[in-house]
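Undergrad: Here is what each chain is made of, one letter per residue.
2 protein chains.
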Amino acid sequence: MAGEQKNHFTMGIVDDLTGHSLPEEAAPDTAPTDMIQCKFWGLGGDGTVGTNKNSIKIIGDHTDKHIQAYFQYDSKKTGGITISHLRFGDSPIKSSYYINKADFVACHNSAYLNKYDMISDVKPGGTFLLDCQWTDAELDAHLPASVKSYIANNNVKFYTINATQLAINLGNAKVKNTVLQSAFFTLAKILPAEEANGYMKYMATKSYLKKGQAIVDLNHAAIDAGKDALHEVAVPESWKDAGKTAPAAKLEGKRADLMSFVNDVVVPVGAMKGDSLAVSTFAKYADGTFPQGSAAYEKRGVAVTVPQWNPEHCIQCNNCAFVCPHACIRPFAMTEEEAAGAPEVTKFAAKPVLKTNYKFTMSVSPLDCMGCTLCVKACPVNKNEKLGTALEMKPIATQLDQQAAYDYAVNNVSEKSELVATTIKGSQFKQPLLEYSGSCAGCAETSYARLITQLFGERMYISNATGCSSIWGGSAPATPYTVNNATGRGPAWANSLFEDNAEHGLGMYVGQKAIRDKLIGYVKELREGCKSEEKAAVIDNYLNTLNDGKANEAATKALVAMLEACDCENPLKAKILAEKSYLSKKAVWIFGGDGWAYDIGFGGLDHVLASGEDVNVMVFDTEVYSNTGGQASKASNIGQVAQFAAAGKAIGKKNLAEIAMSYGYVYVAQIAMGADMNQTLKAIAEAEAYPGPSIIIGYAPCEMHSIKGGMANCQEEMKKAVEAGYWQMFRYNPALKAEGKNPFTLDSKEPTASYQDFINGEARYTRLAQQFPERAKELFAKAEATAKAKFERLKKLVEFYNV
Amino acid sequence: MAGEQKNHFTMGIVDDLTGHSLPEEAAPDTAPTDMIQCKFWGLGGDGTVGTNKNSIKIIGDHTDKHIQAYFQYDSKKTGGITISHLRFGDSPIKSSYYINKADFVACHNSAYLNKYDMISDVKPGGTFLLDCQWTDAELDAHLPASVKSYIANNNVKFYTINATQLAINLGNAKVKNTVLQSAFFTLAKILPAEEANGYMKYMATKSYLKKGQAIVDLNHAAIDAGKDALHEVAVPESWKDAGKTAPAAKLEGKRADLMSFVNDVVVPVGAMKGDSLAVSTFAKYADGTFPQGSAAYEKRGVAVTVPQWNPEHCIQCNNCAFVCPHACIRPFAMTEEEAAGAPEVTKFAAKPVLKTNYKFTMSVSPLDCMGCTLCVKACPVNKNEKLGTALEMKPIATQLDQQAAYDYAVNNVSEKSELVATTIKGSQFKQPLLEYSGSCAGCAETSYARLITQLFGERMYISNATGCSSIWGGSAPATPYTVNNATGRGPAWANSLFEDNAEHGLGMYVGQKAIRDKLIGYVKELREGCKSEEKAAVIDNYLNTLNDGKANEAATKALVAMLEACDCENPLKAKILAEKSYLSKKAVWIFGGDGWAYDIGFGGLDHVLASGEDVNVMVFDTEVYSNTGGQASKASNIGQVAQFAAAGKAIGKKNLAEIAMSYGYVYVAQIAMGADMNQTLKAIAEAEAYPGPSIIIGYAPCEMHSIKGGMANCQEEMKKAVEAGYWQMFRYNPALKAEGKNPFTLDSKEPTASYQDFINGEARYTRLAQQFPERAKELFAKAEATAKAKFERLKKLVEFYNV
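For the record, the sequence lines run as chains A and B. Taking our numbering, the leading residue of the first sequence gets 1, the next gets one more, and so forth. Taking our numbering, the leading residue of the second sequence gets 1, the next gets one more, and so forth.
None of these hints come from the bench; they were simulated from the model. Incorrect hints may have been included.
Intra- or inter-copy, both count: the list cannot distinguish identical chains.
[Stated by the list, open to error] Subject to a maximum C-alpha distance of 30 Å in a straight line, what follows is the list of computed DSSO-like cross-link-like pairs (lysine-lysine):
id: 1; residue 1: LYS524; residue 2: LYS777
id: 2; residue 1: LYS741; residue 2: LYS790
id: 3; residue 1: LYS737; residue 2: LYS790
id: 4; residue 1: LYS518; residue 2: LYS782
id: 5; residue 1: LYS206; residue 2: LYS189
id: 6; residue 1: LYS211; residue 2: LYS57
id: 7; residue 1: LYS575; residue 2: LYS682
Please read all numbers here as calculations on a predicted model, not as lab measurements.
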């Protein structure tokens, strides 16, 4: 079987700049005539790839056929697309290109028919299988014109199946793919029907026996159900004249540079047509920069349920927005005028925003939501039955009308600066500058990152380590980091290598600092010759706030306005204005995961922290190298199982925080948003304010942890982790030491919950108990003792640092 | 001027294995006819290179000539050879090869005449200048036959000069090279004599004015003295028939593999003939391994004075041997028989070795000694005037007779195992397995390393980071790590890269462990079937001592002897004996400097310490990247000046020890041999005994520190550093924690001496005060405060770790 590889998108192979032309279609089809080619379009995580791997094993093991399988992915962490390319034949298979003359194409998600051109991959006379809930009459209404005419004019055998409903009927929507696998074997006829049925059941038993007989039986039932559930569509003669589907209209927006990028690159790549883009399309981006904010135009609509806001119960705390990983639930405060212009579907709270006359709305973007439910769970109203339900999950179809309300608010309602504050509530009145990223539903990393962009995004540089955060932060060509609507400014983001991220971020800092220091010199010179008291005050205000990010932002604005208005001939003025974007204090952040910070990039991280320079490091600590599919890192805890550490890690978690504290001049914090939102906010604000190196280690529960109940419980899991003494929160602020105070604050309380109960709620631990019960017992006891000792040590550190 | 580069030795360019042949002589001499080529042979550190750089600048700046200079070095840290290749001409110079058809050759050290073939580089009719104190009659007696016949038969103009005596007469032996520079200008006639004299004086003023007018005047006097001090030798007709110098006899020794390496490679490379070695010479060493112990055959004889042992005053404490960097002063305990066989010049103490009948001698190897005087300064007798002088420095010529005594003892006197102990005295009765390395005279690093080889050398693996320790540890082809005379075993040493040394060492450990674990499995299997009580006891003793290095060494010996003697047919026996060298517990050490441990290799070091594996790390902390000529490292202290940190480091020393302690399961110690020999010994022994990762950070004063009085004060400087609170000694032993004891021991006492006085004794600090007095004041105050705070912190750590 061919290797599996995650593909991001592939660049065009038509080089119209150099004149070399190699269109995709020219790829030689060396397929022997006996070869059967099959292609499956599925939703990432829906099981399509898993069952296809299963199918290929059955055919490889039980027939004389040669086989080949290749799985093509986009780079989205959840809700992306997967395309399986399977080939079978009597001769060895050496095809090294995507299948585009398929004997069989299956579409496992009917919504894809409008997004992707998959029908033209079916060769004339081939078979097309569509999973849908439509009757033949509904098919006629729902199928795009191009699909209908291709089927009819190419003699395509067209089948439908309602696998989703069949699976639900069997009692578990997840077995949909087993149903579809069975249907595939019926249609493909590679093995006699009975034989195929037997092998599928054998493989299902093998795969699921450890999950219990019930799951095995369920899958066997799905196999039986799938084989006979096919419906062959009698293709109407009229489809021959269905013509072509009209091309989608160009997307529109305010920023011309962004919109040309969206229409020229993002849309075709999103339609899996990236391979056919001409090289010249990328000429504008040859320096490697992409415009910010293109993710907003993906509007993927992959959630099954999305939150509905019930204004009558809302207390306007903004907790929901505070935890949202994808920034698709946002509070807005509208003036009367803004409210008047809002679409009718817009809902408003009865009470205005506290102490103002602004009308309050909590807007939800159904098409951007991933359906994680974190907002619903974070709602304090929901937690008290007596108060009613302020937010609840509803099927996406029932909420699509809210998209207009959301789009209006995002594009037309101004930020109310008097409401913005470094509080849970106040921070959410600031536009998030990380939105709709490619992260998993419920991802903790993005909740942290989104919050940071709300606090400093307009004056922020981000250097990103390779890892999940570089994938969701830049799922090329979608760019989720964006700009503020009013100022047009947002984080400058770059990803260098896994191993040099800290150094790369330090370079960003030092580079801008060199320019800024030069400009500060000019401003000082200007001040010396300044005779106007009024102007001198503006200059002084700038010079007196150099190290205060927020104050300097306003002071710089005033300075630039003053200089631009001034009609003097001082050559310093032009010099300063030529590089005015470097005048204000920047917030340089270095983002990365535990694999980077604890292991591969640690040498550089240590060097950068030691440098004493004013950079801020945010470690998204999932403890498990999430992006590479799970390995033990030095951040992993005792007893944790990972893909490449099946026997559980035997050694404790590295004490990265204390290592950083050993310098004495590094700000250090450990946080867990779901356990203490205020502590999280405080740490981030203190880190940025501290005029030296800072590092924040944020606990980030992750898909790879297999939390009981899934990522819907991500924020809750953080709370549990702290209560069980699994994770500790604290802050070490050297600025306090300079004031003669104790720099170390332990923010966690004595653990109140059971450590063992906590780790029993995560399969990354329970897996060890299943496979090596004795070892698990020993390691888990050791883990608990280590955690207890760590807390005792932290309490002693309070004493140790006491002055 | 061409770049300067440190050359190790160059491999042969005659490839007689492949048939490709490119002898050195074939290098095209593209020299334009107007080009003058000059070659100077000097002793590293004697100033030859410095004055030649000076000369080339004078000619480049004040004539129309094109110039080229290239400086060729061996890899010895002190007392190596330097060859300057200078070219001048009217056309651009593009010669890219060593000079071998010189117009002028100068030999600045008459001893070189017997070691190197330099005369054949003089082209017929060229000039040869020899610095010596010989009369013409003496010349005839001292010059090798080949030199005489070459001079006479090639019409070489031959001059002598007694520059050494002239310089001494002027009041400072160091200006010898200024005398020789002046002589060169007189002979070379590139500039008119008066002009050359003026420029030399101008350059001397420029170079030395900051050292005071007296030094300027001294150099001007040397310039005047040199120009007229030449003596042209009337070459006797008889020299034409002097014939060839007889080739040196092959060196002899017990180990055939070593001796062929010494004679085939070490000797020719030592004679600077490495370039002419054939590729086939190296075929035996194609896997990169060189035999251990070749440095013992260099017998460089570079010291001016060496210690003389006065047995009547000696108290047999062995302190002298304990500090010796080059292992060339060693105590021996001889039986009556051994003593009877010793050369007559052997001196013995009146008293036998305590509690034995062994006769005691302290042997000195004059030809291996570097003349550092550390032994004399370490002698407790010398410190008390009333006790007389047990050791004193004497001109080497007066001590050469002791070489025979030393060689006899080293080669013929057995180790007395009952005297060997982990004490200062006892450790020195063990043969050092690091001897005569290429390190600087007085080097602290080698004192530590030598001691470690005495404790564990026979079962030791060393992975060495790039840096000084890789140069003195493997000045190819000289190998200073050697084997024990009796067992034939010694450290297996390898140097990978600067950045991966810790990982490389971990690999060494894991590799041998995998083999050993397999063998242990065989031994256990053997034990199960063993019916002899006696044999079972031998096996049990092996199995019960697996983690105890010393005990397991003896147990393994017994096990192997038992197995070899056994006539059973058990196939396990053969399997075990086939890999018997892996049976015993090994001591894996990872050596490196501060540049490696604190900076470039730190990421890997951290990873290896975190691994929990049983490796031992020794950091030679010179605080200054010694090998690359001095940079600020994270080990550097506040206020320290280095070649690439001229304004003094502003940030404190990294707390590497505490970082390692943060793991809890890493043994950590900071030591300073000269401050506390016992603490050093204790830490090294504990580190090796601890069955997990260990790291020792050893303070290592260095040439680059420019200590007042030079490296003769190296060990004293460590004592001062501790007394002034500049350096702290402590040990953190996780094994104690497991016993319920406080793992942390602070071995330093409250500082009693002035911090400022201490740093004022090292030019790496005083340089800052000279150049930036204000900044120095500020940084030095900060440095002192930081050191005080560090000691307070350590005291608090004693409390913190108290149980």
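Undergrad: At most 30 Å between alpha carbons: which applies to LYS575 and LYS682, within, between, both or neither?
TA: neither (38 Å within a copy, 64 Å between copies)
Undergrad: Pop the pair LYS206 and LYS189 into one bin, within, between, both or neither, using alpha-carbon distances up to 30 Å.
TA: Within. Shortest intra-copy distance 23 Å satisfies the 30 Å Cα cut-off; inter-copy 94 Å does not.
Undergrad: Checking an output row: LYS211 and LYS57, CA cutoff 30 Å. Within, between, both or neither?
TA: within (21 Å within a copy, 83 Å between copies)
Undergrad: For the identical chains here, do LYS737 and LYS790 meet the 30 Å Cα criterion within one copy, between copies, both, or neither?
TA: Both: 23 Å inside a copy, 15 Å across copies.
Undergrad: With identical chains treated as interchangeable, where does the CA-CA distance between LYS524 and LYS777 reach 30 Å or less: within a copy, between copies, both, or neither?
TA: For LYS524 and LYS777, only the inter-copy Cα distance (27 Å) is at most 30 Å; the intra-copy one is 67 Å.
Undergrad: For LYS741 vs LYS790, is the C-alpha pair at or below 30 Å within one copy, between two copies, both, or neither?
TA: Classified as both: same-chain Cα gap 23 Å, cross-chain 18 Å, threshold 30 Å.
Undergrad: With 30 Å as the alpha-carbon cut-off, assign the pair LYS518 and LYS782 to within, between, both or neither.
TA: Close across copies (28 Å), not inside one copy (55 Å); limit 30 Å.
The structure does not agree with numbered hint 7 stated previously, though it agrees with all others.
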